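Asks: One-letter residues, chain by chain:
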Amino acid sequence: MAGTLETALVQTLNGVQFGFILFMIASGLTVILGILDVLNLAHGELFSIGAYAGIGVFGFVIGVVGPPSGVLGGVVFVLAVLVSVLLTAALLLPVGTVFEALFLRAIYDRDQVYQLVLTFALLLILLDVKKFVWGNTSLRTDAVYSAINSIPTSELVGLNYPTYNVFVILVGIAVVAGLFWFFDRTKTGRIVRATAIDREMATAIGVSTDRVFTLVFALGAFLAGFAGAMAVPPTAATLGMGTNPLVLSFVVIVIGGLGSLRGAFVGALLVGVIRSWMITLYPPGEIAAPFAIMALILLVKPEGLFGTWGETA
Amino acid sequence: MKRTEPTERDTGGIGRRRLLSAIGGSAVAAALAGCSTLLSDGGGQQSGDGGDSGGSIPEEPIQAGLLTFTKGAPGVLGIQAQRGAELAVQRINEAGGIGGQRRIELDVVDEGSNPLDSYNQFIEEGKEVTFGPISSGTHSQIAPEVEKNEVVNVGTDGTVTTLYEETVPDPTYSFRFQNYDIMEVVTMAREAVERIGADEIETVAGVNPGYSFGEDEMRVFKQAITKLTGAEVVYEGFPELGASDMSNHITSINSEQPDVTFSSLWGGDVTTFVRQASANDMFDNTTVFGTTLYSAAGDVPADALAGTDIYSGSRNYYWGHPALGNWQPGRELFDAATAQDGVTVPTAHYMSGYGAVTAWATAVEKAIDLLGTYPSQGQIAQMLEGHGFFTPAGYHNMAEDHQGSSNSFAGAMVYDDDLGAARLDDVNIYSAAETAPPPGVAGSAWLDSWSS
Chain A
1 MAGTLETALV QTLNGVQFGF ILFMIASGLT VILGILDVLN LAHGELFSIG AYAGIGVFGF
61 VIGVVGPPSG VLGGVVFVLA VLVSVLLTAA LLLPVGTVFE ALFLRAIYDR DQVYQLVLTF
121 ALLLILLDVK KFVWGNTSLR TDAVYSAINS IPTSELVGLN YPTYNVFVIL VGIAVVAGLF
181 WFFDRTKTGR IVRATAIDRE MATAIGVSTD RVFTLVFALG AFLAGFAGAM AVPPTAATLG
241 MGTNPLVLSF VVIVIGGLGS LRGAFVGALL VGVIRSWMIT LYPPGEIAAP FAIMALILLV
301 KPEGLFGTWG ETA
Chain B
1 MKRTEPTERD TGGIGRRRLL SAIGGSAVAA ALAGCSTLLS DGGGQQSGDG GDSGGSIPEE
61 PIQAGLLTFT KGAPGVLGIQ AQRGAELAVQ RINEAGGIGG QRRIELDVVD EGSNPLDSYN
121 QFIEEGKEVT FGPISSGTHS QIAPEVEKNE VVNVGTDGTV TTLYEETVPD PTYSFRFQNY
181 DIMEVVTMAR EAVERIGADE IETVAGVNPG YSFGEDEMRV FKQAITKLTG AEVVYEGFPE
241 LGASDMSNHI TSINSEQPDV TFSSLWGGDV TTFVRQASAN DMFDNTTVFG TTLYSAAGDV
301 PADALAGTDI YSGSRNYYWG HPALGNWQPG RELFDAATAQ DGVTVPTAHY MSGYGAVTAW
361 ATAVEKAIDL LGTYPSQGQI AQMLEGHGFF TPAGYHNMAE DHQGSSNSFA GAMVYDDDLG
421 AARLDDVNIY SAAETAPPPG VAGSAWLDSW SS
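One line per chain: the protein sequences are A and B, in this order.
Residue numbers for the first sequence follow the UniProt record's numbering, so the first one is 1 and each next one is one higher.
Residue numbers for the second sequence follow the UniProt record's numbering, so the first one is 1 and each next one is one higher.
Hints were generated in silico from the structure; no laboratory data involved.
Honestly, I wouldn't trust all of these hints.
Said to hold, decoys possible - Here are some of the chain B residues that sit facing chain A, going by a computed Cβ distance under 10 Å:
1. Asp110
2. Pro239
3. Ala243
4. Asp245
5. Thr251
6. Thr271
7. Gly342
As the list claims (entries may be wrong) - Label-pair restraints from in silico Cβ distances:
8. A:Ala121 x B:Ser376: 44 to 52 Å
9. B:Gln90 x A:Ala174: 49 to 57 Å
10. B:Asp281 x A:Phe291: 27 to 35 Å
11. B:Gly420 x A:Phe291: 38 to 46 Å
12. B:Ser376 x A:Phe132: 41 to 49 Å
13. B:Trp450 x A:Phe132: 47 to 55 Å
14. B:Asp281 x A:Ile173: 20 to 28 Å
15. B:Asp417 x A:Val83: 56 to 64 Å
16. B:Ser452 x A:Val83: 32 to 40 Å
17. B:Pro169 x A:Ile125: 57 to 65 Å
18. B:Asp335 x A:Arg105: 54 to 62 Å
19. B:Arg103 x A:Gln112: 50 to 58 Å
Stated by the list, open to error - Which residues of chain A face chain B? A partial, calculated answer using Cβ under 8 Å:
20. Phe18
21. Leu82
22. Tyr282
Predicted model only: the values in this text are computed from it and were never measured.
The beta carbon of each residue, even a glycine, is placed where N, CA and C say it ideally should be.
Please put together the full structure from these sequences, using the hints given.
Replies: Rendered as structure tokens:
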């Protein structure tokens with residue numbers, strides 16, 4: 001694969017794939033920030049719990065389905081993986097619900113520093129919970145990554161690109177479409193947006209803000225868990241894996257605009273692709289690239305590319 | 001050049017008198033060398049008085065501290081060092097303790113967060129010796145503190161070349177057991193030439209951890225391989241520690257198709273890299289030579305290694321060489337290690353922990369033999385300089401410059417179904433004289449002096 005054009009295409013695809021993983025993480029963070037006005041420092045830990053739990057769920061579901069064989073077997077296997085990811089994310093729904101109802105609800109009226117301290121405390125608690133449940137060492141799921149890669153996709157068009165990465169991109173597109181559909185087209189989504197735009201007015205017309213807030217925090221946890229399960233097959237679940245995604249998610253939502261779902265989508269792809277190109281053209285700039293983009297955006301447009309939550313998601 | 005057959009020293013063909021003399025002659029030294037079988041028939045006759053020095057040795061246990069990674073991706077190798085140190089301490093205690101009466105109590109602390117604070121906490125708690133760390137960055141931080149505190153530290157790893165050339169150029173209390181960066185990197189540069197041939201290596205690339213260790217290793221490799229082959233460096237990538245996505249670096253290597261790709265990735269990062277490289281067919285385009293890839297021996301799955309082309313170093317210890325049937329101390333260590341929690345096979349980092357404790361303990365025993373009393377920190381440090389000792393890995397020397405040196409191992413990394421882990425095939429051994437600069441010569445100056 002020495003062709004310059006092919007390399008450029010694959011590097012861009014690498015960036016898009018990384019960007020979609022970032023979006024899956026950042027979307028939960030930005031939805032919670034935009035609607036609840038809470039910066040959830042424990043979001044990275046919810047992501048990593050998704051990764052740990054995903055390993056167990058993958059093992060169970062794939063144990064039932066078996067390895068892919070033939071076209072039909074491949075389709076069944078991919079669907080089984082998708083179901084596993086959704087099941088894993090669903091496990092985070094009660095976690096998010098309990099966090100919001102038990103802890104956060106009591107301090108909405110207080111200064112934001114209390115929320116930061118509380119979510120940081122939750123981060124530390126979750127870190128210890130992971131250590132208690134899954135131990136200190138890293139965990140992997142070996143079956144998913146190699147099995148999905150054994151299904152030919154990009155090879156059919158003469159490209160050397162792992163099928164799992166194609167899978168992440170396709171699922172990422174579905175998540176983006178699903179979220180915009182939810183917030184723009186469903187009654188519940190419109191209620192959530194209305195609550196975000198004017199909390200008092202929403203209450204006046206009979207919206208239960210408590211229920212909306214619980215729903216939104218649970219949705220954020222669901223998205224974090226979904227991202228964790230999608231991200232873990234090519235790598236490993238480790239105790240510290242929540243830190244970097246949390247930091248990069250902050251970068252993404254600052255670039256896109258605090259609380260803007262549209263901004264998170266554009267910011268995530270921007271960070272993913274530019275980071276990818278930076279590694280290609282100047283590898284030492286890998287770590288600095290996302291922060292350089294953020295600094296540039298803050299200088300040119302301090303409110304971020306799409307501002308905050310508003311009439312549109 | 002390389003030796004593929006074990007020497008008398010490696011295989012235990014060494015005479016008992018010479019062995020006892022070299023290891024200090026005490027029960028502790030014999031236990032740590034793992035040569036109880038070799039010494040069982042009257043070895044005690046040669047023993048010095050380190051085991052029975054009586055009243056001049058304090059009775060209270062020795063408080064020792066070990067700084068290592070105990071969790072996360074770095075824990076893959078940090079726990080190996082911990083288990084190695086724990087086994088050495090267990091053997092010392094079972095042999096009656098240091099000086100025949102001082103048991104060691106080892107306190108293990110995670111190196112992952114605030115390691116300098118953890119080290120200073122050890123000192124405040126009155127630890128008489130500290131071991132570790134694993135990370136080069138941490139080692140550069142704590143070595144000056146070690147000198148300030150005047151309490152002996154025997155580093156398990158933290159193998160950055162500049163430690164005793166720039167950070168602490170004239171150390172007194174800081175020592176390092178494991179072969180350092182230049183040794184393992186030169187080993188792999190020689191291994192690449194050995195496997196592929198100098199004339200066949202025209203281009204090289206590197207994927208190394210994005211911090212001081214990885215940068216140091218790539219710098220040394222470029223210098224060595226350029227001298228050995230005249231190759232051109234076509235790509236250098238430095239993913240951050242614990243990176244979940246290395247596909248950009250892999251795509252760049254696929255694009256450049258270098259003859260050799262050098263990597264000093266370690267622990268969990270090795271598995272991530274190898275799995276993603278396999279998925280991207282990277283091994284169709286290059287051969288990977290790595291210094292510490294084998295640190296992931298128990299972590300990397302079989303399917304990830306299938307069809308790969310990887311050669312790894314194993315620093316100063318590879319459990320399978322000499323063959324376990326030919327080297328009883330190696331067999332005993334392997335059996336003891338694999339019975340421990342978290343050790344699938346003992347790697348070089350296992351020996352880092354085991355050897356660091358052994359270096360210190362055998363030096364203290366030797367000092368007790370000479371002095372007839374328990375030595376001070378300064379006397380222990382003096383005794384460690386130029387100290388020779390045995391472990392189940394073979395013979396080691398702690399040079400006057402405080403850097404340990406031993407033979408280095410390298411071989412093809414393959415998966416062993418029976419073992420349930422990776423092993424090295426077709427192992428080559430490189431002596432310290434082939435991989436390390438002469439005493440008093442800086443690494444880069446030594447490499448510069450090579451004729452192209």
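Asks: For every hint, state whether the structure bears it out.
Replies: The hints, checked one at a time:
no. : hint                            : verdict
1   : Asp110                          : holds, 9 Å
2   : Pro239                          : holds, 7 Å
3   : Ala243                          : holds, 8 Å
4   : Asp245                          : holds, 5 Å
5   : Thr251                          : holds, 5 Å
6   : Thr271                          : holds, 7 Å
7   : Gly342                          : holds, 7 Å
8   : A:Ala121 x B:Ser376: 44 to 52 Å : holds, 46 Å
9   : B:Gln90 x A:Ala174: 49 to 57 Å  : holds, 55 Å
10  : B:Asp281 x A:Phe291: 27 to 35 Å : holds, 33 Å
11  : B:Gly420 x A:Phe291: 38 to 46 Å : holds, 42 Å
12  : B:Ser376 x A:Phe132: 41 to 49 Å : holds, 43 Å
13  : B:Trp450 x A:Phe132: 47 to 55 Å : holds, 53 Å
14  : B:Asp281 x A:Ile173: 20 to 28 Å : holds, 25 Å
15  : B:Asp417 x A:Val83: 56 to 64 Å  : violated, 31 Å
16  : B:Ser452 x A:Val83: 32 to 40 Å  : violated, 60 Å
17  : B:Pro169 x A:Ile125: 57 to 65 Å : violated, 45 Å
18  : B:Asp335 x A:Arg105: 54 to 62 Å : holds, 57 Å
19  : B:Arg103 x A:Gln112: 50 to 58 Å : holds, 53 Å
20  : Phe18                           : holds, 5 Å
21  : Leu82                           : violated, 19 Å
22  : Tyr282                          : violated, 10 Å
Hints 15, 16, 17, 21 and 22 from the list above are not met by this structure, while the remaining hints are.
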